[in-house]
Amino acid sequence: MAGEGEDVREGIRREVHVDMSVPAGSLSHPRWWIGTSGYSYAEWVEAGFYPEGTPAGKMLSLYAQRFSAVELNFTWYQMPRPEALERMQEQVPASFRFAAKLHRSLTHEVDADTWRQQAAQYRIGIAPLIQARQLLAVLIQLPGSFHRTADNRRYLAALLDELAGLPLAVEFRHVSWAEERVYAELARRKTTLAVVDTPPLPYLFPAVDVITNPDLVYVRFHGRNLAGWRSGSMQRQFDYAYTDAELQQWIDRHWGRLTEKTGDAVLFFNNHVRGQAARNALMLTQLLQGFRCAPSST
Numbered sequence: 001m002a003g004e005g006e007d008v009r010e011g012i013r014r015e016v017h018v019d020m021s022v023p024a025g026s027l028s029h030p031r032w033w034i035g036t037s038g039y040s041y042a043e044w045v046e047a048g049f050y051p052e053g054t055p056a057g058k059m060l061s062l063y064a065q066r067f068s069a070v071e072l073n074f075t076w077y078q079m080p081r082p083e084a085l086e087r088m089q090e091q092v093p094a095s096f097r098f099a100a101k102l103h104r105s106l107t108h109e110v111d112a113d114t115w116r117q118q119a120a121q122y123r124i125g126i127a128p129l130i131q132a133r134q135l136l137a138v139l140i141q142l143p144g145s146f147h148r149t150a151d152n153r154r155y156l157a158a159l160l161d162e163l164a165g166l167p168l169a170v171e172f173r174h175v176s177w178a179e180e181r182v183y184a185e186l187a188r189r190k191t192t193l194a195v196v197d198t199p200p201l202p203y204l205f206p207a208v209d210v211i212t213n214p215d216l217v218y219v220r221f222h223g224r225n226l227a228g229w230r231s232g233s234m235q236r237q238f239d240y241a242y243t244d245a246e247l248q249q250w251i252d253r254h255w256g257r258l259t260e261k262t263g264d265a266v267l268f269f270n271n272h273v274r275g276q277a278a279r280n281a282l283m284l285t286q287l288l289q290g291f292r293c294a295p296s297s298t
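Per the numbering used here, residue 1 is the first one in the sequence shown, and the count goes up by one each step.
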């Protein structure tokens, strides 16, 4: 992946002025969804995405006026409960879609004796989204410490078996998983390999245009803050604002290959600091206007 300076020099410069106070409902597309990783950030009020004084309980309904999908972060921190998701569904239109992170007890804090019960509980928790056909995917975000070892391969296979039947996307954070055998196994299971945009650090999973599930492309933009990723600080790690030139270059390099033979695509920005994710999501939506996402036969 090219560095930030090279991206700016080589990218196609286009003026994209994003007014964060204007609804973006006209920017929706039937074959792809663009949004952010999480939506409930107090600092987004100061950034101008939410009106002054907006309480956390009103943020989702306002968010849904601007975007057609969101990636839920809280399902990683808290086991989802049906009643909580039902309340969220009441705040958005029926056409709105959700992706949900898998709970940390199944990715980062795995207990060999209880993880299967945790998986069953997670299924129960997200049932309202499945029943309403509002679930785009369950994101299995694996930590950077999850290297491709024999034990970890066995665990991931068992986890995918336990979650079979759900729309699944797997995000690797370690480069050891960048193997053709991994891609082939995900394809056999019709499980989506999450496409990532991150700084060019040698230990991170690279940006690859590998399609393992023709039904769904799942892209996550984490930002390219090299020093932030090295710092160990999550606030610094996701403090990055993509330029329109960088996003245009990403489209030119990746979008056609990713969507040529696939159906739906979801793209989420995780660079949440100071509302940068929302601003970049609106920018990307504008840049993709008029771009054919998938063949009409899909």
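Just so you know, these hints were derived from the structure itself, not from any lab.
Here a beta-carbon is modelled for each residue, glycine too, at the ideal position from N, C-alpha and C.
The reader is advised that the hints may include incorrect statements.
[As the list claims (entries may be wrong)] Okay, the calculated beta carbon distance ranges per label pair:
#, residue 1, residue 2, range
1, H108, A42, 20 to 26 Å
2, P55, R257, 21 to 27 Å
3, D252, G53, 36 to 42 Å
4, D252, I130, 16 to 22 Å
5, P55, V175, 39 to 45 Å
6, P214, R181, 30 to 36 Å
7, A42, P82, 32 to 38 Å
8, R257, D113, 25 to 31 Å
For this session: Hint says 36 to 42 Å; check whether the CB-CB distance for D252 and G53 agrees.
Result: 41 Å Cβ-Cβ, so the 36 to 42 Å window holds.
Exercise. Is the distance from the Cβ of H108 to the Cβ of A42 consistent with 20 to 26 Å?
Worked result: holds, 25 Å
For this session: Given the hint of 30 to 36 Å, check if P214 and R181 actually sit that far apart at their C-beta atoms.
Result: violated, 19 Å
Exercise. Within 39 to 45 Å or not, the Cβ separation of P55 and V175?
Worked result: holds, 42 Å
For this session: Determine whether the Cβ-Cβ distance between R257 and D113 falls within the hinted range of 25 to 31 Å.
Result: Given range 25 to 31 Å: violated, Cβ gap about 43 Å.
For this session: State, for the Cβ atoms of A42 and P82, whether the hinted interval 32 to 38 Å holds or is violated.
Result: violated, 27 Å
Exercise. Is the gap between the beta carbons of D252 and I130 within 16 to 22 Å?
Worked result: Violated, since D252 and I130 (Cβ atoms, about 36 Å apart) do not stay within the stated range.
For this session: Could you tell me whether the CB distance from P55 to R257 stays inside 21 to 27 Å?
Result: violated, 42 Å
Hint violations for this structure: numbers 2, 4, 6, 7, 8, all remaining hints satisfied.
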